[in-house]
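One letter stands for each residue in the lines below.
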Amino acid sequence: MQESTSTVSLGHREDSWHGELNFDSRLRRARLGLVIGLIGVLMIFISFTSAYIVRQGLPTFDPATNTLVRDWFSVRLPNLLFLNTIVLLLSTGSMELARRRTLRDAKSADAALSADSRIPWLASTVLLGLSFLVGQWTVWRELAASGFYISTNPSSSFAYLLTGMHGAHLLGGIFALLAAGAVTLVRRPIEFRAVLVDIVGWYWHFMTVLWVYILCLLELAR
Amino acid sequence: MATGEFAGHIPHAHAAPQSFIRKWVFSLDHKVIGLQYYFLALTAVFVGMFLSLLMRIHLVWPGVSLPLIGDIKPETYLSLLTMHGTIMVFFVLTTAPQGGFGNYFLPIQIGAADMAFPVLNMLSFWVTFVAFLVLIAAFFVAGGAPLHGWTGYPPLSALQSAGPGEGLGADLWVISIALFCIGALMSALNFITTTLDMRAKGMSMMRMPLTCWAWFITAILGLLAFGVLFSAGILLLLDRNAGTSFFVPLVTVNGTMAAHKGGSPLLWQHLFWFFGHPEVYIAILPAMGLCSQLVSVFSRKPIFGYKAMVYAMLSIGILGFMVWGHHMFMSGISPYTAFGMSVMTMAIGVPSAIKTFNWIGTLWGGKIRFTPPMLFAIGFVSLFVTGGISGPFLAQPVLDIPLHETFFVIAHFHLIMGVASIFGIFAATYYWFPKMFGRMMNERMARLHFWFSFVGTYAIFMPMHYTGMAALLRRYSQYTELAYMHSLAPLNKFITYAAFITIAGQFIFLFNLFWSMKRGEKANDNPWEATTLEWTTATPPPHDNFGGLTPVVYNGPYEYSVPGAPQDYLMQTDAATKAVGH
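Chains as they are written, first to last, in our numbering: chain Y, 12 to 233; chain D, 32 to 613.
These aren't lab readings, by the way, just hints derived from the structure by calculation. Because the structure is a prediction, the values reported are computed rather than measured. The beta carbon of each residue, even a glycine, is placed where N, CA and C say it ideally should be. Incorrect hints may appear among the rest.
Residues of chain Y placed beyond 12 Å of chain D at every Cβ, according to the derived structure [as the list claims (entries may be wrong)]:
(1) Arg-87
(2) Ile-97
(3) Ser-135
(4) Val-223
Sample of chain Y residues facing chain D (criterion: CB under 8 Å; computed from the structure) [unchecked claim]:
(5) Leu-43
(6) Ile-50
(7) Met-54
(8) Ile-55
(9) Ser-58
(10) Phe-59
(11) Ala-62
(12) Leu-69
(13) Phe-72
(14) Asp-82
(15) Arg-112
(16) Arg-152
(17) Ala-155
(18) Ala-156
(19) Pro-165
(20) Leu-172
If you anchor each label on the Cβ, the simulated ranges turn out as follows [what the hints assert, rightly or not]:
(21) Gln-67(Y) / Ala-168(D): 32 to 38 Å
(22) Ile-57(Y) / Ala-168(D): 30 to 36 Å
(23) Ala-232(Y) / Gly-578(D): 54 to 60 Å
Produce the entire structure from the sequences given, and follow the hints as far as they go.
This is how it looks when you write it as structure tokens:
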């Protein structure tokens, strides 16, 4: 028979305990939550992709000829989309600088001294993000001007749908960035701000990668 | 008062709220949010039950005019079945077991002070609540509630002119579902992060109670499934309002050609059932986890095959994503696809049988205590077997095709998904009520409620197998004019009478629930002599669950009839486990 185990003091699981978490634990938990949340977002776009591919291959009945015909024809995407892509890539670079600076501040002893050093990068990310959204809106207008509305053809339906859903998600990121800027201005604890900026940063990068994927889908699988 | 082994003082992430609004309305406390989900589901279940009663009345007495409601027209009947299904599946079977009990007890059972993201938790409840209000609003708009069924098959669901209720009512239905998906995704995120990152010291994954495993796997299913339903809902909304043709083929409505072409109703069905079949497990897995817990607690035996139970639940979850096509045998899918889906569906019988075997193995030779939660747990096993046994019938295309549109399917899924899960909710209520409210529920009323529910359920749904096999079609509002159905009229009347009596029995539960909150016998901290962490803390649990202490876990969750232990069980926090050789 073994001896009874001794009472264990606060030990290796302390870092995962709720309450006064240290910075690394809080950051890890937030990142874990973000990854799980992004899986949910990914499922949304996987579903759209699945619908895109299925709908593209579907024939439709033409009562005039009494035959099955293919009703999908490619929408020529405005060149502005590529410029928008560059803007989004720049924004993700700007976001990464903000994220790294914030993390560095959070881990440095003189964090308070450099508390506002990341604000310009956050602001430039917001501006670039808004520019991207304005650019996407302009793309919609160009599509409409050339006769492609959401209901014109299934390919144009998907073009509006995918850009719109991505834009809505990016807008969420912009609101989160504004929140991060606000908590910086009201000087919430640097650890809190760093976690917020870090997860918004990774979310933003995900949105950029997602956009590149959507662009490839619309351009290459026409 | 906390009992067992604890280490250190841990402050809570957010202070205990003082105002009524912060404490009971916009609360961040997982326990309050759990209760909010629970009472939302309780409200929803009585609405849903009322709708089902109206359907049963109409089926048996189609000409009768009801007070305040008037005549039930065929389209009204379809609206009733649509809203009944939607309310029950989303706002009862998904909401109560996961949102209600999962929220309340997951953090406590793993030794955490709250969910990982309390604000997100609060938001997920309120989004769900708004989704419910939006759905109910569909009854009151022009045209009334939608009539396309809870599965929302296009083109009926995609065309505003397809019928009464398919206008604004159907828009509200889609919006409600989309909102529900958002709430469910936020909730899933919270459950998974909490389980992975917030377990107490010593609470390894394989020491978690099976309830926690069930909530964890359910959350993963929700994370993967609700995003797909959300996408499908967006596409449907665009088809309905923006003139797109994702799901609508070239079709005429009332002699007029609709302005759509080329869409595929099958595409909706694929997306919907990719969500819809895992949804069955989202509803039933928490009940499986709970009943595993209860048969162990009240048999005073360790659960038979803990790891097998975990792997069986994981298998059910994984296989659940590979079988959606078995809902579409009638829809014209490729016979090769149908064959594949059929085989995978039959394969789910294996982990299901393992679970059933282990439940019986746990009961076998146990010192069984027939408490109300145990009665409902055994009732769950019974319903799971009875409802499950018709699954392999319907999994075969050759049998599904004649049975699919009949009451046989209604009987099957009500037993295994609907009532079995509801028995899980009842079992959970009777089991955790003392912890939640500090009082015991009245046992005599609970037993009466059990027998009303158990006998009533079988009285309602067993005959439906026979009416189904006799080709009584579901979704038909009126069959009494069909001569070949006349012989089924007595059986149908019997089902309706049984429904009346069973529903009347539910008011015993409702009365007992509220009566016991005020008048029930005071409960001690561990009235069932159970081992998991919620029974180590005060009743009801304090704001931070353990009074500022950190539980330390030494044992598995089902240490009953332990040789040499001072009682016949060891709490998970008892440090003396190894002293007795475990």
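Status of the given 30 to 36 Å range, CB of Ala-168(D) versus CB of Ile-57(Y): With a Cβ separation near 31 Å, Ile-57(Y) and Ala-168(D) satisfy 30 to 36 Å, so the hint holds.
Status of the hint placing Pro-165(Y) at chain D (closest C-beta pair under 8 Å): This interface hint holds because 6 Å falls under the 8 Å limit.
Does Ile-97(Y) clear chain D by more than 12 Å, comparing its Cβ with all Cβ atoms of that chain? Label holds. Min Cβ-Cβ 28 Å, cutoff 12 Å.
Quick one, is the Ala-156(Y) hint okay against chain D at 8 Å, beta carbons? Where the cut-off is 8 Å and the nearest Cβ of chain D is about 18 Å from Ala-156(Y), the hint is violated.
Against chain D, with CB atoms and a cut of 8 Å, does the hint on Ala-62(Y) hold up? Result: holds, 6 Å to nearest chain D Cβ.
Classify the hint on Phe-72(Y) as holds or violated, based on whether any CB of chain D lies nearer than 8 Å to its CB. Check passed: Cβ of Phe-72(Y) comes within 5 Å of chain D, closer than 8 Å.
Can Leu-69(Y) be said to touch chain D, with a Cβ gap under 8 Å? holds, 5 Å
For the hint on Ala-155(Y), just tell me whether its beta-carbon gets within less than 8 Å of chain D. violated, 13 Å
Return the status of the interface hint for Ser-58(Y): holds when the least beta-carbon distance to chain D is below 8 Å, violated otherwise. holds, 4 Å
Checking hints one by one. Is Phe-59(Y) an interface residue toward chain D, by the C-beta closer than 8 Å rule? Holds - the Cβ of Phe-59(Y) comes within 8 Å of chain D, reaching about 6 Å at its closest.
Grab the minimum beta-carbon distance between Arg-87(Y) and chain D and tell me whether it stays above 12 Å. holds, 19 Å
Does the closest beta carbon of chain D sit nearer than 8 Å to the beta carbon of Leu-172(Y)? Given a least distance of 7 Å, the restraint on Leu-172(Y) holds.
Checked against the numbered hints given earlier, this structure breaks hints 15, 16, 17, 18; the rest are met.
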